[in-house]
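Engineer: The residues making up each chain are set out below.
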Amino acid sequence: MSGVGDIVHLLFTANLWQATLAAAVLLLLPALGGVISERSGVVNIAMEGMMLTGAFFAVVADLAWHNPWLATLVAIVAGGLMATIHAVVSIQFRADQIVSGIAINIFAAGLTVFLVNRIYGLQDVGHVGPNELLPYVDIPALDQIPFFGQVVFDQNIVVYIALILLVATHIVLFRTRLGLRIRAVGEHPQAADTAGLNVYVIRYSAVIASGLLSGLSGAFLAIGISNTFVPNMTDGRGYIALAAMIFGKWTPFGAFIACLIFGLGQAVYDNNSIIHVSPYLLSMLPYVLTLIVLAGLVGRATPPAADGLPYVPGSE
Amino acid sequence: MPASVRRLTAGLGMPVGSVLFAFFIGALICAVTGANPIAAYAGLICGGLGIGCTQGENPALQISNTIVFFIPLVTTGVAVALPFRAGLFNIGAEGQLLAGSVACCAIGIKFADLPAPILLPMVLVGGMAAGALWAGIAGVLKATVGAHEVVTTIMLNYVAQWLVRFLIVGGPLELAPGTSKSHPIGAGAQLPTLLPADNSVIIFGLPASVFRVHTGLFIALVAAAVFAFLLWRTAFGYEIRAVGQSQKAARYAGVSVRRTIVLTMLIAGAFSGLAGAVQIAGVDHNLTDKFFNDTTGFDAIAVALLGLGSAVGIVLAALLFGALHTGGAIMQSDAGISSNLVLVLQALILFSIAANFVGAIRRGLPFGRRASPELPTELPPAAGLMTEAAVPPPEKT
Numbered sequence: 001m002s003g004v005g006d007i008v009h010l011l012f013t014a015n016l017w018q019a020t021l022a023a024a025v026l027l028l029l030p031a032l033g034g035v036i037s038e039r040s041g042v043v044n045i046a047m048e049g050m051m052l053t054g055a056f057f058a059v060v061a062d063l064a065w066h067n068p069w070l071a072t073l074v075a076i077v078a079g080g081l082m083a084t085i086h087a088v089v090s091i092q093f094r095a096d097q098i099v100s101g102i103a104i105n106i107f108a109a110g111l112t113v114f115l116v117n118r119i120y121g122l123q124d125v126g127h128v129g130p131n132e133l134l135p136y137v138d139i140p141a142l143d144q145i146p147f148f149g150q151v152v153f154d155q156n157i158v159v160y161i162a163l164i165l166l167v168a169t170h171i172v173l174f175r176t177r178l179g180l181r182i183r184a185v186g187e188h189p190q191a192a193d194t195a196g197l198n199v200y201v202i203r204y205s206a207v208i209a210s211g212l213l214s215g216l217s218g219a220f221l222a223i224g225i226s227n228t229f230v231p232n233m234t235d236g237r238g239y240i241a242l243a244a245m246i247f248g249k250w251t252p253f254g255a256f257i258a259c260l261i262f263g264l265g266q267a268v269y270d271n272n273s274i275i276h277v278s279p280y281l282l283s284m285l286p287y288v289l290t291l292i293v294l295a296g297l298v299g300r301a302t303p304p305a306a307d308g309l310p311y312v313p314g315s316e
Numbered sequence: 001m002p003a004s005v006r007r008l009t010a011g012l013g014m015p016v017g018s019v020l021f022a023f024f025i026g027a028l029i030c031a032v033t034g035a036n037p038i039a040a041y042a043g044l045i046c047g048g049l050g051i052g053c054t055q056g057e058n059p060a061l062q063i064s065n066t067i068v069f070f071i072p073l074v075t076t077g078v079a080v081a082l083p084f085r086a087g088l089f090n091i092g093a094e095g096q097l098l099a100g101s102v103a104c105c106a107i108g109i110k111f112a113d114l115p116a117p118i119l120l121p122m123v124l125v126g127g128m129a130a131g132a133l134w135a136g137i138a139g140v141l142k143a144t145v146g147a148h149e150v151v152t153t154i155m156l157n158y159v160a161q162w163l164v165r166f167l168i169v170g171g172p173l174e175l176a177p178g179t180s181k182s183h184p185i186g187a188g189a190q191l192p193t194l195l196p197a198d199n200s201v202i203i204f205g206l207p208a209s210v211f212r213v214h215t216g217l218f219i220a221l222v223a224a225a226v227f228a229f230l231l232w233r234t235a236f237g238y239e240i241r242a243v244g245q246s247q248k249a250a251r252y253a254g255v256s257v258r259r260t261i262v263l264t265m266l267i268a269g270a271f272s273g274l275a276g277a278v279q280i281a282g283v284d285h286n287l288t289d290k291f292f293n294d295t296t297g298f299d300a301i302a303v304a305l306l307g308l309g310s311a312v313g314i315v316l317a318a319l320l321f322g323a324l325h326t327g328g329a330i331m332q333s334d335a336g337i338s339s340n341l342v343l344v345l346q347a348l349i350l351f352s353i354a355a356n357f358v359g360a361i362r363r364g365l366p367f368g369r370r371a372s373p374e375l376p377t378e379l380p381p382a383a384g385l386m387t388e389a390a391v392p393p394p395e396k397t
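Those protein sequences? They're chains C and W, same order as listed.
1 is the number of the first residue of the first sequence in this note's numbering; add one for each residue after it.
1 is the number of the first residue of the second sequence in this note's numbering; add one for each residue after it.
Next comes chain W alone, as it looks inside the complex (with noise of 0.2 Å):
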């Protein structure tokens, strides 16, 4: 084998592997409560993909609804895979995606009569400021008196949660009493959807108006390729690389940490701000009370991590997440396993990533005998999760 195949194939064994250890643990888990696993699969593979359905669903509707969701697991994945080379550990991808989101709608509501040219660029701007400020204080906070981010990025997230409730139940952003949503976003404010708006049109079969995947896509594919120029391409992507390696040594280099982190985590922050205003922008037109149980920032540290902190990993990645999350409904309304099994899935999948257990189980499982030190225990966490993430293991010769 040439090396380069060989490499590729290296890279994407850990990732598939995991996925298929995850895969199995999952069809495990639903043979002994008496599930069918196949069926539960099944339904997955129909609702997330369209491929196989038995229960009459539109192939073209599901796989739109993927991409739907698809959309913000990108943009937020990135928010992620950003600081990770920095050796940041951003949790915070959820909170910035609803202060993004916030801002969207309090701007696409206040000047909700401005005409597209103008409102459109003014919403999405304003929820990456508004991500790029939630991320900015813990990257200010870990850059000036050390507080670890992932603390700081966990109670920011609890504060954007409850503010969204604030403004939307009684609160200033409320459409009327009772309702927990808001006012909706001027029709300037609203990304077009891929497919005309119009129910006389059918297209696959159906009136082509129930087709939600709209031009966020091409905004998140943008946000991927920006991400992968600043990262390989720029001095700045360089200097992130550099602390993430050694913080040390980059400060050797006439990098200054400080300044790195703090932009680094402003820039992821304003990736996830993008994401929360895209999905308003794109989809939903109005915060709902659907925000509440939002989980796209927690899904994008998954998706970062499979993806290996690579933007074509993270779009690979983002469309699984974004098909499991789609074939979750089919799966629970056709086999009637819960669509939790994908939260199960995911998480499963986190485990064998951080623990890397298809290296292991390569090398042998480590019970029983002291591992070789390997790992160089300097390294902040996640900056030594993806250094033997995307390194593999040397192959005796």
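Here chain C stands alone, though its shape is the one from the complex (with noise of 0.2 Å):
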């Protein structure tokens, strides 16, 4: 039934809590290449490509060498590849960089499927083996900590490290001379430019971050949380994460935050058949809750000056 205590009993349940960190991460690391990136000034919705890109090289890595920490660097690496390619037409060539992500995306959904196609025939990519996972790591005597423990501490190796690169993007991005300067190539290239900052290294290496945290998601995804690569296997997941950095108001832990509320989302909707809510309503509420942020109901949603600007040299 539907009842109202059986959702508040859902939501004192250690294994909901759990289940909606983990999505939260999965969400979390493209949200923070997005923040990296868009801090740059560079426009980024091609986390969606980058994630896939890496879950399939993931997979065809682990099946290949049968090794998750080899074939994560894989995915890590594939990932920053797309992400070079979305560099180059946008800093470079000054391309729209609205086009340029799309572009990232449809050539991913349309490669993976394609090299599934060249590598594997036409059946299915093969599933990896469960002692080629990305582990799952309980932390000793705090995971005995009651309820908590379970949520925070009984996870995949791959969410402690997206907590560790959280709190490492934040101090970055607000604490450091490179986050400073980040920042102010995002905010006011030229000034930036004028105070003697290289704003195209700048920017690539912020758009290369971005394609790398996307492809380490991409791995979670298919070699932590899956087995296996299916054809668009991300479902959207790089475009929630770009909801989220805008949600987040391209803060680190304000992207964290949207995640957390869009993971919680995601794990009711896998825990449907206790709460009885349409799962395809359910799986609106991010883009509608984004929407209702960008509607200004929730402050301002302000992205940085010159986001979506590409950089000429010696103009005003």
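Honestly, the hints are just simulated from the structure, not real lab data.
Every residue gets a Cβ at the ideal spot worked out from N, C-alpha and C, and that includes glycine.
Keep in mind that a hint or two might mislead.
[Said to hold, decoys possible] With the C-beta cut set under 8 Å, the calculated list includes, among others, these residues of chain C facing chain W: (1) D96; (2) A109; (3) G110; (4) F174.
Put the two chains together into one complex, using the hints given.
Structural biologist: Here you go:
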């Protein structure tokens, strides 16, 4: 039954929050990438494609070498290469960054399935063995904390890495000279250039960082949460990450809170048998919430000033 | 060469060059992965244009299928191109198309018994209204609080996709539990096919009813003509272009930028919604799980860009993508190469247009030196793109 009591009961189960955190991390990694890229002034709607590419190459490498760490590395590099295309096209050639992002997503969707067909024929990709997946790690002692221990300290290794990256991204962006430079380039590239910063190098690095993070997320999806590759398996998660980035007003912790909200939606979706809300209506939630934020009902969401504008040296 | 001819060839150079670039890189990708590019492209040409078929495909049927894909691509292509002219990037054609399909379906089911002269206009106008509403949300948000239309239309796309799933998987429009499709629309809501739907009539060696090409073809061509007329022959079209060139200048000239933004999005949404309604009324006659993976509205972005935002260009580009879409299936069955190569080609065309690789090759690659500032940076993204695409670089004499 869909009683309020059932929902309350569900909200007090550690399993739900454990699943929430895992689902949130899947979105957090590309969202952090988006934050870094857009803070440097390059609009990035290509996380979906970078993530999908990472997922595909993680599975290919894991099936070939039976080593999840190597596979994850391959996925990260693959995501980074996709991002490099976006960087070259949108920074070097000053293309429209949105068109380039769409092209990346279409390219990734097409190329992965094309390559599945070339490598594995028309049958399935195959499954990665249970010992070749990214492992779940219980942190000794800490996982004994009631409730909280299971939620936070009984997770996939990628969850811990992502939480460290979250803090690191925040510190780098807001507490270091590098972060100041990234933000300067995203707010006022002309001034940054005058101050002696290399706008192109900083933007390239930021965009590639977004690809590395999205690739890691793809690996987590394909050989952490799942154990195979299916076409279009990211299923819009890169776009939800984009929504999380905006929802979080282009800050790492803001994005994380958004990811937790969207992750909770996902976890409730997976527990749908208990609460009987249409899972499809529930799936709309991240998008509707982001629209509400964009409508200015929850404060203004203002992107970096030079976000989306190609930098032309010497221009006003 | 006379100036008019030179302008025409210069205008064609970029899109044709982009397509050639994409096919060249696509062939490289095939060759590197051990697929035969010649077999791949032979399959595409046979499937899309009905030329040079070796496995017994019926050329007329292939062309008919290409036109079936062509129809919604033209209408949604227009829906992307019109906001481009106002400096708006409508990524939401897909969501607007789905909204139009839903409205067409809902009306066509609810009033299934009405005769065609009443019901057919109802479903088409209903689809347009739903699409306009969907795009209007993004337009109003842009005009009032400045929310970027790219982001809002992406969000609205997903809301529409999940709405379709909700409606036909266990929802109010579902035919029967577990079917994942809606009830069919009434006979009066269906657009007639161009050829008689009669199995006893044999045309081009096949029963006439297998040719799905339908009268929506004329609706699509009229939509393209209306787009061109609106843009170039009306005061509102002038306002759209003025806003696209410079919002500041448009405001000084007395144009209401907000009103133009909202109206442009409403009209664009109506075009997309019409595409969705025509698709239901002309081809599918019900909503199915096929619509979960529909990409027409995204293909439309490539159509609008490749067509340089002009009506004739959009029609030509829609023909190309319609043919690629149909050809992909034949390439997969004949040459054993995944039809997803078509997506790769589409992405390469987008890269090439967006980065203006053709222009870059003509001017010498920009690597290694800082290119001269030639793009005014205050232009909105899409407008800058369209301006550079439409205006060939000045020739040195």
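Engineer: Please go over all the hints and tell whether each is borne out by the structure.
Structural biologist: Status of each hint after checking the structure:
Restraint check, D96(C) versus chain W: the minimum CB separation of about 4 Å is within 8 Å; hint holds. Interface hint status for A109(C): upheld, as the beta-carbon distance to the closest one in chain W is roughly 6 Å, under 8 Å. Because the smallest distance between the Cβ of G110(C) and any Cβ of chain W comes to about 3 Å, under 8 Å, the interface hint for this residue holds. Interface hint at F174(C): violated, since its Cβ lies 24 Å from the closest Cβ of chain W, which is beyond the 8 Å cut-off.
Consistency with the previously given hints fails for number 4 only.
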